[in-house]
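The primary structure of each chain is shown beneath.
Protein chains: 2
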Amino acid sequence: MLLLQLDRKSHNPIYLQIVNQIKEKTASDILKPGTKLPSTRQMAEKLGVNRSTVYKAYQELWAQGYIESRPGSYSKIRKRPKIATPELKLEQSTLAWNHVTTAASQRIYQDYLKFKPEQSTPQTKDTINLAQLDIDPRLFPVQDFRRCVNQILMDQGPKVLGYGEYMGYKPLRETIAKRLQMHGILADSDEILITNGSQNGIDLLLKLLTNSGKKVVIESPTYAIILPLLKYHQAELVTVPMKKNGLDLNRLKKTLETQPVSFLFTMPNFQNPTGITSTQSHREELLSVCEAHQIPVVEDGFEEEMKYFGKVPPPIKSMDRQNICIYLGTFSKVLFPGLRIGWITADKECIQRLVSIKRFSDLTSSYVLQAAVNEFCERGYYDLHVKRMNRIFRKRMQTAIKAMQKYLPKEYVSWNEPAGGYLIWVQIKNIPKHEAEWIQIFKENRVLVSPGRYYFPHPTKDICFRLSIAMLNEQEITEGIKRMARAIQKTKST
Amino acid sequence: MLLLQLDRKSHNPIYLQIVNQIKEKTASDILKPGTKLPSTRQMAEKLGVNRSTVYKAYQELWAQGYIESRPGSYSKIRKRPKIATPELKLEQSTLAWNHVTTAASQRIYQDYLKFKPEQSTPQTKDTINLAQLDIDPRLFPVQDFRRCVNQILMDQGPKVLGYGEYMGYKPLRETIAKRLQMHGILADSDEILITNGSQNGIDLLLKLLTNSGKKVVIESPTYAIILPLLKYHQAELVTVPMKKNGLDLNRLKKTLETQPVSFLFTMPNFQNPTGITSTQSHREELLSVCEAHQIPVVEDGFEEEMKYFGKVPPPIKSMDRQNICIYLGTFSKVLFPGLRIGWITADKECIQRLVSIKRFSDLTSSYVLQAAVNEFCERGYYDLHVKRMNRIFRKRMQTAIKAMQKYLPKEYVSWNEPAGGYLIWVQIKNIPKHEAEWIQIFKENRVLVSPGRYYFPHPTKDICFRLSIAMLNEQEITEGIKRMARAIQKTKST
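Just so you know, the protein sequences line up as chains A and B, in that order.
Numbered according to our numbering, the first sequence spans residues 1 to 494.
Numbered according to our numbering, the second sequence spans residues 495 to 988.
Read the hints as simulated data drawn from the structure, not as lab findings.
Be aware that a few hints might be false.
Claimed, not checked - Below 30 Å or equal to it, Euclidean Cα-Cα: the simulated DSS-like pairs (lysine-lysine) are:
| no. | chain 1 | residue 1 | chain 2 | residue 2 |
| --- | --- | --- | --- | --- |
| 1 | B | Lys573 | A | Lys178 |
| 2 | B | Lys842 | B | Lys619 |
| 3 | B | Lys900 | A | Lys170 |
As the list claims (entries may be wrong) - Here are some chain A residues the structure puts well away from chain B; computed CB gaps all over 10 Å:
| no. | residue |
| --- | --- |
| 4 | Tyr15 |
| 5 | Asp29 |
| 6 | Thr85 |
| 7 | Thr127 |
| 8 | Lys170 |
| 9 | Lys207 |
| 10 | Thr210 |
| 11 | Leu256 |
| 12 | Glu257 |
| 13 | Gly338 |
| 14 | Arg353 |
| 15 | Asp362 |
| 16 | Lys429 |
| 17 | Gln440 |
Glycine included, each C-beta is placed from N, C-alpha and C at the ideal position.
Taking the hints into account, I'd like the entire structure generated from these sequences.
Here it is, written out as structure tokens:
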């Protein structure tokens, strides 16, 4: 005899109570496979509920595989050994992931695990973070942006919530084209592809260009997060050291003369991590060397808008008459990093080839935020915001440099003075401590910096750190530098 | 003598007028390299402007590489051969893209060009589109969603506009976990990775699993957009034909017994393109076969929420006690396609490995929209919306089936009756016309359908079409079927 207890005061609908209790009784083997259930009429009478309620419950049980279906009725408990219950489901897969996954994915997983511990370092509230290149969220123009999203959803609603064009929201591409003109770059909207942030742009470019057999030329040190991706793509690297005015042009020339190269990745402004800005003539020569060898130049202009000290030459792309330069831009380093909106500007055919990869990798990027950013630009908010960011970071960088000059002991520490952006590259010398020890020492003094080894493709003996002022105000910057200075002073005298 | 003409009524600031005119004169060779410019004081007097205005103009010209810098002054026109002007910039790159790009990218580009013409078919307003699987934008709950975005930006502003967690917005992962429970799937939030739509999830999985040397098992026909991606990843394919109750299990068994396989890709509900739903026992057997061979099952649950006729078994993932099933979900087929929010649910370690690939491919996905969707779910809007979509499409699908029974000539056309979703698979027989001819005939009758060959990994002789009712209302559906019927009637009698 099947006994069910219904609670008519419960929030659970009656049919679901029937379903759950029959499932429980099946699980605990009170109802064995093959057991006949009462007909819907009988069950309805016995429980004092509507017959349709029982019917709905049986249907649901059928759908979930608990009872067998016979023409016209559903009445036998089904043999059902395979449903995963919390008790039966394994904590870990029976699959050996190292066995079933690709070698490339295993490489990137190892790199990921290496990066991870640093990220999860517990930070006390009082720690000053000179490590991260996330811009200060206190400066986010949230309310202006909110108004733009609102407007876009009111005016365009369904249009920006369906699949968009593979290349991205056209009005935004036009806006970006206009903005690029201010930096001397001539591009039509069909020479621009919107990407899920610059990193997605880099990934697309590596998919397009990383030819086995040909080498990739990168600066040393370089952007840390490109290194695991290059490894994933099995790129063979040639490194060109950074010099005071930009990458070593002689080395670049020799490399291109002696080896097959697929492309050069360079950051001419406020290079990440060194903060170095190359000169106009350096850019011209770099381009003409690559033109001579017909090697694509991938120019990462991630902080193009942060030229707040003036006197920074226009991008390499602005001099690119032969259309061999592929330019990466982003809104992440001046507006909101979390928008994940970047772009690639290049020759039309190159863009079409990138579109083809992107189209099959993720169909399209979300239109809503692209349209909202475009609205933000069209209302003039973006111009004002860039000016404000420039004003604020001009002062913050001046404060940083002043604090460094005042507090850091020059016999032990050297650094560069950047022409803009957020980054300062620091070298510690004449104190016999390893990088990892320094990181620990700084941490104990409640200041975080980014270890130099992240940025070097090959190990180096130099003890370097990348400081980022992106998320700190003037007071915090000064305090951070003071703590570094104190840590260095204490260490050198032990 | 340097003559400049300033327009004080112009919207262009004075300094920019100076910049532009000097640039023009340089371009037209009136100002030759080496020419000395007046000092800022002289120039300011001559033009009757503030000296700081001239200073700003000279600084800008220096930054753009037009004048040379000497300590304390900027006064000589610079030799500047390389700037790209509209006249000098080439329409096409000098690079031969087929030479500099990877073989894999060339494969995907060719596939992209193949797909493209269909897409850009000019549609008259009067054409009925039974081809596209985009859901009807008239049903988008735009205003509810707008309220959610607003709320999120008001309450959480900066938090959702910075870089988020690699795995995605945690509250949304928790919401998805709860929602999955309704479908019988047990998953913690750390077994869920948010992706840029399902397609991004598929791409990540191919990167993780497509081992050279091992084969990928797919259904035939299958989801069209996975095919070029598989080709890009150089996957060797084994196809298993679709039968009435799901993929051919005997063929699957034989395949797994005789060949090394990296994974199986399957769509148990309303398969794309056939609309076929596999039975409970089919799902159980499929899983146990893959368990026996320890082969990961990639289950694409793209229309899990669209089980509006009831009686569809729970997902394979719900029976997965060994954690070998990797489940793909999405909001694109029930809420807004343009959000580009999907997810992967799998074993924790598998998810971590996918995270490692995603982290280096695009850092993170945008938090704003994830948080807004979560708000949408938490307010109960999502439940209501799913119910509404189910109610509406139950009727629309009934309408479609009724119209097909009424109007299509059964000697020449056969089709399946789907258990939910948006797709109906149609076969035309006994009329000697090629697929391309049919597409043309339908187009002339102002109805678009999707050609079967898109979905077959290998050419087939069958004349099949995928009909999608996703973007049409009942009236449009009936009219579309009528037009198909008319086209077939006319054609068979010629």
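Hints, verified against the model:
With a C-alpha separation of about 27 Å, the suggested pairing of Lys573 (chain B) with Lys178 (chain A) holds against the 30 Å cut-off. A threshold of 30 Å between alpha carbons decides the hint, and for Lys842 (chain B) with Lys619 (chain B) the separation of about 49 Å lies outside it, so the pair is violated. Restraint check for Lys900 (chain B) and Lys170 (chain A): the C-alpha separation of about 44 Å exceeds 30 Å, so the hint is violated. With a least beta-carbon separation of about 12 Å from chain B, Tyr15 (chain A) lies farther than 10 Å from that chain, consistent with its non-interface assignment.
The beta carbon of Asp29 (chain A) sits about 17 Å from the closest Cβ of chain B, which is more than 10 Å, so the claim that it is off the interface holds. Consistency note on Thr85 (chain A): stated as away from chain B, yet its beta-carbon is not over 10 Å from all of that chain's, at 8 Å minimum. Listed as a non-interface residue, Thr127 (chain A) keeps its Cβ farther than 10 Å from every Cβ of chain B; the least gap is roughly 17 Å. Residue placement check: Lys170 (chain A) keeps its beta carbon more than 10 Å from all beta carbons of chain B (closest about 14 Å).
Non-interface status of Lys207 (chain A) relative to chain B is broken: a Cβ of that chain comes within 10 Å, the nearest being about 6 Å off. For Thr210 (chain A), the requirement that its beta carbon stay farther than 10 Å from each beta carbon of chain B is not met, with the minimum near 6 Å. The non-interface label for Leu256 (chain A) is consistent with chain B: the shortest C-beta to C-beta separation is roughly 14 Å, beyond 10 Å. Every C-beta of chain B lies more than 10 Å from that of Glu257 (chain A), the closest at about 18 Å, which supports listing it as non-interface.
For Gly338 (chain A), the shortest C-beta to C-beta distance to chain B comes to about 5 Å, within the 10 Å cut-off, and the non-interface label is violated. A Cβ of chain B approaches the Cβ of Arg353 (chain A) within 10 Å, the least distance being about 5 Å, so the stated non-interface status is violated. A beta-carbon of chain B is positioned within 10 Å of the beta-carbon of Asp362 (chain A); the least distance is around 4 Å. The claim that Lys429 (chain A) is not at the interface with chain B holds, since no C-beta of that chain comes within 10 Å of its own (minimum 30 Å).
Distance to chain B confirms Gln440 (chain A) as a non-interface residue, since its nearest Cβ pair spans about 25 Å, more than 10 Å.
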